[in-house]
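Engineer: Model the full assembly from the supplied sequences, consistent with the hints where possible.
The listed protein sequences correspond, in order, to chains H and S. Going by the numbering used here, the final residue of the first sequence carries number 381, and the count climbs one at a time with no gaps. Going by the numbering used here, the final residue of the second sequence carries number 70, and the count climbs one at a time with no gaps.
Hints are not guaranteed to be accurate.
Derived CB-CB ranges, DEER-like [as the list claims (entries may be wrong)]:
hint, chain 1, residue 1, chain 2, residue 2, range
1, H, T72, S, R70, 33 to 43 Å
2, H, G244, S, L55, 54 to 64 Å
3, H, L11, S, R70, 26 to 36 Å
4, H, K266, S, L23, 34 to 44 Å
In case anyone wonders, no lab produced these hints; they're calculated from the structure. Every residue gets a Cβ at the ideal spot worked out from N, C-alpha and C, and that includes glycine.
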Amino acid sequence: MSAVEDRAMPLRRRARRIVVFAASICLVPAAVSYVAAMGEKHNVGLGVSSVEWLRRNGGNSLVSEVENAYYTLNAPAKGGPPLKALPNVGVANADAEAGSAAAPYRPPNVKPLIHPALPGEGVWKKAGAGAGARPPVLLTTFRSDPEYPQLIAGVAWLDSAQTKLAYVPGLDEPPEPLPHRGPGEVPPGSRPRLVATFNGGFPLETSNAGLVYRGKVVEAMVNGIATVVEYRDGRVDVVRWHQGPGAPADVWFAKQNLPPIIYEGKLNPNLSDGPEWGETVNNATRVWRSGLGVDARGNLLYAAANDQTVESLAQILRRAGAVRALELDINEDWTSFISYRGPGAASPSNLLPEMFRPAERYLTPDERDFFAVYVREGQRW
Amino acid sequence: MSSRRRDIARRRALLADLALAALIAIAAITLAAGIGVVAVGALVALLAVIAWAGLESALARLRRRSAIRR
Numbered sequence: 001m002s003a004v005e006d007r008a009m010p011l012r013r014r015a016r017r018i019v020v021f022a023a024s025i026c027l028v029p030a031a032v033s034y035v036a037a038m039g040e041k042h043n044v045g046l047g048v049s050s051v052e053w054l055r056r057n058g059g060n061s062l063v064s065e066v067e068n069a070y071y072t073l074n075a076p077a078k079g080g081p082p083l084k085a086l087p088n089v090g091v092a093n094a095d096a097e098a099g100s101a102a103a104p105y106r107p108p109n110v111k112p113l114i115h116p117a118l119p120g121e122g123v124w125k126k127a128g129a130g131a132g133a134r135p136p137v138l139l140t141t142f143r144s145d146p147e148y149p150q151l152i153a154g155v156a157w158l159d160s161a162q163t164k165l166a167y168v169p170g171l172d173e174p175p176e177p178l179p180h181r182g183p184g185e186v187p188p189g190s191r192p193r194l195v196a197t198f199n200g201g202f203p204l205e206t207s208n209a210g211l212v213y214r215g216k217v218v219e220a221m222v223n224g225i226a227t228v229v230e231y232r233d234g235r236v237d238v239v240r241w242h243q244g245p246g247a248p249a250d251v252w253f254a255k256q257n258l259p260p261i262i263y264e265g266k267l268n269p270n271l272s273d274g275p276e277w278g279e280t281v282n283n284a285t286r287v288w289r290s291g292l293g294v295d296a297r298g299n300l301l302y303a304a305a306n307d308q309t310v311e312s313l314a315q316i317l318r319r320a321g322a323v324r325a326l327e328l329d330i331n332e333d334w335t336s337f338i339s340y341r342g343p344g345a346a347s348p349s350n351l352l353p354e355m356f357r358p359a360e361r362y363l364t365p366d367e368r369d370f371f372a373v374y375v376r377e378g379q380r381w
Numbered sequence: 001m002s003s004r005r006r007d008i009a010r011r012r013a014l015l016a017d018l019a020l021a022a023l024i025a026i027a028a029i030t031l032a033a034g035i036g037v038v039a040v041g042a043l044v045a046l047l048a049v050i051a052w053a054g055l056e057s058a059l060a061r062l063r064r065r066s067a068i069r070r
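Structural biologist: This is the structure in structure tokens:
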């Protein structure tokens, strides 16, 4: 460099100028991508959409690190004053009409962990107002951790003999092109039989797992990963996948998410962090978490609660009767279980009142994929 | 030195800086995991430069003031 240039502009100023130019050039394609993404249809706020854009564009581990730091700093305190009541869930005790029918199966109530138990703690209640003696969906809440007596877990039981599970793609998830993506919401024509909806699993990009939709492979299946599977005959199960990357002929949909958290009645011994759990919030970080399992009779159990680790979530599901289970979505923005009190998606209600997203979430287009639960043909709503 | 020669030198320096910045940007976009990470890195770099420039001008002002007092 000549003396003339040195006098004109010191080196450090030139270095700064180069950084400003380089950063500005980098921001042009990023801004184009960001503006295009924000211009799409969303039903979450700009902040959440921005984080999702960052995750999809190579920033997943960065976001997870920031989330870990945030949730660690805001971890709940142990103890605290005892709760006096649990939130109201459901419409009536499930055994209210038990005498009127030929003893349909009901899951045993969840045994409270903290004594004295609060009124209704662990007692199953019907989700639907007119559900009769054999309700397809039961709900309950209980305090799930004696060290954190303020935490309340919500659990739903879905009678597999009476209900049918459907996987519903969202507007953005899965991102692969689908021949039958649908509107990203519960189709209006299916709402008369709708009894519940709940969140799906991690986005495919972050779960490193597979998806089969309508019998076709959307993303190659991965052996050893926990999978919600519906067979063509309507049976639903939670399994550890071992059938290779393709779609077996009898599978209608299969959604994978991380390793099983409960398998054959036992908690996964590797629930502490490790590479098998992917790039996500640490397993030991307390955050909203949700999971899905099956009981010994093949009925589905959904559980969600705030400030849970993966292990405490697994314990909630096992206490509710799950013998196999997987973790579903986490964080307050993605955790939803909604039941409907009457046909036609009437009176939607979140499983827990603290659930962040509105109860109408899946009646409008949603970014993420989710599950819808319908009463089977010929079954009473 | 004539102002014309100084002007030409300034323009050359600007062009060289732009070319170097473009190379850095292309390398960052190519090597990064995604455009989101590039955007975060670029924003952090811009903030750092603003802080650096601000600190430098504040220090210069302080030095000038203390020189006037002496």
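Engineer: Please name the hints from earlier in the document that this structure breaks, with their numbers sorted from lowest to highest.
Structural biologist: 1 and 4
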